[in-house]
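2 protein chains.
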Amino acid sequence: MTAYQTLETRFRDYGTLGDISAMMYWDRATMMPDGAAPGRNDQAALITRLRRQILLSSETADLLDQAEQETDGLTVFQLANLHQMRREFLNESILPDDLVEKSERDASVGELAWRENRANNDFAAQQPHLETVLENVRQVASIRAEAFGTSPYDALIDLYEPGLTQAEIDPVFDRLASELPGLASRIIDAQAAAGYPGDIPGPFSVKAQKRIGEEFMSALGFSFDRGRLDESVHPFTGGIPDDVRLTTRYTDGRFDEAMMGILHETGHALYEQNLPAAWRGQPVGQSGGMALHESQSLLVEMQLCRGQAFVEWSGPKLRAALGGNADDPLWSVDAQHRRLLKVSRGLIRVDADEVTYPLHVILRYRLEKALVSGDLAVGDLPGAWNDGMAELVGVQPETDTDGCLQDIHWMAGAIGYFPTYSLGALAAAQFYQAALVQIPALDDQVRQGQFRSLQVWLAENIHSRGRSESTQQILTQVTGAALGADAFMAHLKQRYLGDVN
Amino acid sequence: MTAYQTLETRFRDYGTLGDISAMMYWDRATMMPDGAAPGRNDQAALITRLRRQILLSSETADLLDQAEQETDGLTVFQLANLHQMRREFLNESILPDDLVEKSERDASVGELAWRENRANNDFAAQQPHLETVLENVRQVASIRAEAFGTSPYDALIDLYEPGLTQAEIDPVFDRLASELPGLASRIIDAQAAAGYPGDIPGPFSVKAQKRIGEEFMSALGFSFDRGRLDESVHPFTGGIPDDVRLTTRYTDGRFDEAMMGILHETGHALYEQNLPAAWRGQPVGQSGGMALHESQSLLVEMQLCRGQAFVEWSGPKLRAALGGNADDPLWSVDAQHRRLLKVSRGLIRVDADEVTYPLHVILRYRLEKALVSGDLAVGDLPGAWNDGMAELVGVQPETDTDGCLQDIHWMAGAIGYFPTYSLGALAAAQFYQAALVQIPALDDQVRQGQFRSLQVWLAENIHSRGRSESTQQILTQVTGAALGADAFMAHLKQRYLGDVN
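These protein sequences, in sequence, are chains A and B.
Per the working numbering, the first sequence starts with residue 15, numbered consecutively.
Per the working numbering, the second sequence starts with residue 15, numbered consecutively.
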């Protein structure tokens with residue numbers, strides 16, 4: 015066996031242990047009773063330890079060195095796999111064990127404290143926790159920056175979207191920051207003039223919501239032979255490519271949130287289910303960066319499912335499934351569509367529409383860069399947050415609960431993560447624009463509930479590449495352009511203002 | 015660290031990996047989509063390999079030798095733990111790898127073939143598979159027998175109920191074989207004379223069945239903070255002590271099967287939930303042999319829940335939960351109770367009542383002993399089966415599907431397992447008889463739905479002992495007698511013929 019082949023064997027075990035972790039994480043979020051938490055923590059810690067033993071052994075290090083000297087005859091995918099192995103090895107090996115453990119411990123404490131302090135609107139109580147967590151993150155950033163020859167913040171972005179840099183993001187986000195507030199105003203004014211169709215009074219059977227949700231998932235190409243739909247407090251897509259576990263959250267008072275949650279996660283799930291089967295268990299067989307992953311969920315949710323063509327197909331089905339009257343104007347396709355496209359200036363990111371959402375992200379992006387560089391002290395965060403909200407979104411929170419305490423990310427040490435949400439939205443617009451060009455009948459197909467061409471197009475152009483290429487490479491090859499705001503802005507103007515240039 | 019302490023550390027990882035396996039097994043039976051099976055097989059195989067690496071390493075062998083030389087100062091539980099470690103080590107180490115692998119592979123093939131051949135009533139097609147599986151089992155038995163100085167069949171029993179022997183079982187089963195057929199006749203005649211109350215026409219809401227099942231589980235002491243109730247094709251109790259996962263199977267045409275399934279599994283579950291918390295993850299902290307485990311499920315299902323006192327409490331609740339009319343004689347406590355105690359001569363073991371069940375088991379016990387010793391050739395099994403059924407149960411199957419092909423056990427290589435079912439029934443009768451003596455108010459408490467004393471009694475006397483003592487030791491200490499048929503026979507005569515001596 016060559017060094018590379020031996021590495022594949024070792025990484026297969028490493029990957030299988032990761033698969034086990036993923037299933038246990040899903041179980042924890044959906045099934046596990048509370049009293050099982052301590053035991054589950056032990057199980058998770060053991061898997062992590064065993065994975066690190068495989069990855070960080072001296073044999074793995076030697077094999078990597080050797081395999082990198084013997085690349086003749088390796089295929090493109092094998093080379094990419096070797097590259098990903100090295101990346102995984104570096105990511106795990108350059109940080110000292112005590113920093114890794116301290117980071118995890120502090121993040122866990124900080125997250126727990128945050129749940130209470132957010133509820134109590136007590137930033138002062140959270141501040142020392144956030145300072146500790148931030149200090150750990152800065153140490154991680156500094157070690158990674160030195161090892162990889164990047165800036166500290168770029169070294170953090172790289173954890174979530176490998177290779178992407180602040181230099182690429184800044185101009186794109188600056189453009190959005192300059193154009194979106196004005197665009198949002200125009201849209202809000204236009205929607206006010208047109209009037210809101212009103213909400214549909216519930217209750218809506220949860221069983222019926224689930225059934226029609228599953229029907230839409232199947233139509234979109236989700237294979238229930240290799241996945242499930244369940245419930246959890248925070249919807250997510252978990253599991254592994256051949257066993258994708260989606261979750262959503264139902265209330266009987268409204269259905270749109272659960273339904274859009276299902277469609278969003280279905281976008282993530284299609285990506286996972288269509289990863290290259292031949293590379294299961296190897297690093298290169300996994301999904302790419304988080305911006306690319308989010309582009310797949312937003313392509314389905316925002317580009318496809320909130321589009322006119324989709325609602326023409328789904329609207330009557332939804333109405334029938336939930337027992338609505340065909341003559342009820344609240345259930346008309348037009349009313350359903352307008353409800354899905356409502357734009358407003360809100361305080362809460364997760365409730366934001368697709369027009370204002372990037373402004374919430376840009377605020378966080380700017381603030382976290384300043385926190386990492388030291389330009390912003392944690393104590394000054396609430397003020398900077400409120401000023402930024404006023405400037406970007408045009409509203410200001412009255413409490414930190416609705417302000418800088420609203421998100422879990424920083425509290426748990428996830429810095430460099432926020433930009434991927436909106437970069438995903440931009441990529442989704444680029445991909446969908448390309449799909450509409452390359453599949454000329456797409457809109458007609460969607461209107462008839464035919465999603466096969468789109469599914470194949472996504473699988474061939476994006477999903478089946480696994481981690482063999484970067485998000486930027488895939489974007490450029492598929493859409494002819496690197497990540498940018500053109501397609502996204504054009505999409506918004508067309509959808510919300512009927513502006514087709 | 016002493017050698018013993020180091021062993022505890024190693025066995026903690028070994029145990030935690032076993033816990034992970036248990037959760038994945040539950041997921042497979044209840045949640046996993048079919049397409050995930052190949053990946054799940056890889057995950058299970060990796061866990062098995064990692065466990066064997068820990069257990070069979072030369073370090074473990076050396077540590078065991080050393081710890082066994084340094085037992086001064088070890089507590090009783092630590093000594094028992096060391097004993098169980100050695101037992102686990104021997105069980106896994108004395109068989110050659112290729113025999114273990116061949117056995118697993120052949121059993122898996124044999125089981126798959128059996129599903130088809132049973133459906134097709136094709137014993138001839140199954141015969142070569144069973145011969146192969148039996149040959150593997152005989153090799154295992156012979157290796158174990160030589161290592162442990164026992165007979166080959168005793169070496170197989172030991173896999174399921176450690177330490178128990180044919181010499182202990184034979185006289186007990188011989189007595190049952192001689193007395194039960196006549197007793198069954200008397201009961202069947204008496205029930206025929208009294209008349210059958212008739213079945214309650216359904217349908218019964220599955221949701222309501224589940225809700226009242228959970229209510230009964232809670233009343234019996236099941237902690238939903240450390241467990242769940244779900245559905246699977248074959249009901250079982252899985253998971254781990256702090257996360258016990260029960261399953262049952264519902265139909266809306268009848269409720270008694272699902273309900274008795276829940277109560278049976280609750281007996282298993284209480285045992286698991288009340289294992290000694292201080293010994294979680296160590297071999298001695300696990301449940302004992304399968305006869306002891308079955309005694310806990312049968313104590314709850316057969317001794318407690320089919321008893322007059324329990325039905326007086328549960329009957330009206332069940333009726334109310336399932337929408338029955340209080341005036342309907344079909345729903346009277348008497349009718350409900352008589353329905354639960356119906357005795358008949360049937361062909362199928364899993365459908366048998368508690369009176370005839372042991373006869374089904376004794377048939378299998380006698381046949382499997384003869385198969386292992388070579389006194390019975392596989393080709394002669396159908397004839398021997400049918401003769402045995404006529405002699406013991408008094409009915410003969412018309413097909414092998416309803417005869418020697420009905421059970422999965424032998425087909426998958428489980429020989430030595432069957433006796434534990436009825437030994438469990440005997441032990442359950444002994445334990446419950448002792449509980450009635452030691453808790454004089456028990457029947458009155460049960461009539462009022464108070465199960466706390468019984469639960470504490472079971473936990474203190476049985477569950478909290480883990481694997482520190484054998485089934486025979488526990489039985490003798492708690493009931494004053496070794497495993498025997500006295501209590502069981504007295505129980506049957508009293509319950510079914512009103513014979514109180």
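Keep in mind that the hints were calculated from the coordinates and are not lab data.
Be a bit skeptical, because a hint or two may be false.
In silico lysine to aspartate or glutamate, EDC-like type, Cα no more than 20 angstroms apart, as pairs [claimed, not checked]:
id, chain 1, residue 1, chain 2, residue 2
1, A, Lys221, B, Glu115
2, B, Lys221, A, Asp244
3, B, Lys224, B, Glu271
4, B, Lys224, A, Glu229
5, A, Lys224, B, Asp244
6, B, Lys221, A, Glu245
Practice task
Sort out whether B:Asp244 lies within 20 angstroms of A:Lys224, counting only the CA atoms.
Solution key: holds (19 angstroms)
Handout entry: Pair hint B:Lys224 and B:Glu271, alpha-carbon separation not exceeding 20 angstroms
Key = holds (12 angstroms)
Handout entry: 20 angstroms limit on alpha-carbon distance, applied to hinted pair B:Lys224 and A:Glu229
Key = Status violated; Cα separation ~27 angstroms.
Exercise for the section: For the pair we were handed, A:Lys221 and B:Glu115, check the Cα-Cα distance against 20 angstroms. Expected result: Measuring from Cα to Cα gives roughly 45 angstroms; hence the hint is violated.
Problem - 20 angstroms limit on alpha-carbon distance, applied to hinted pair B:Lys221 and A:Glu245 - result: Holds, because 18 angstroms separates the two Cα atoms, which is no more than 20 angstroms.
Exercise for the section: Sort out whether A:Asp244 lies within 20 angstroms of B:Lys221, counting only the CA atoms. Expected result: holds (18 angstroms)
Comparing the model with each numbered hint stated earlier shows that hints 1 and 4 do not hold.
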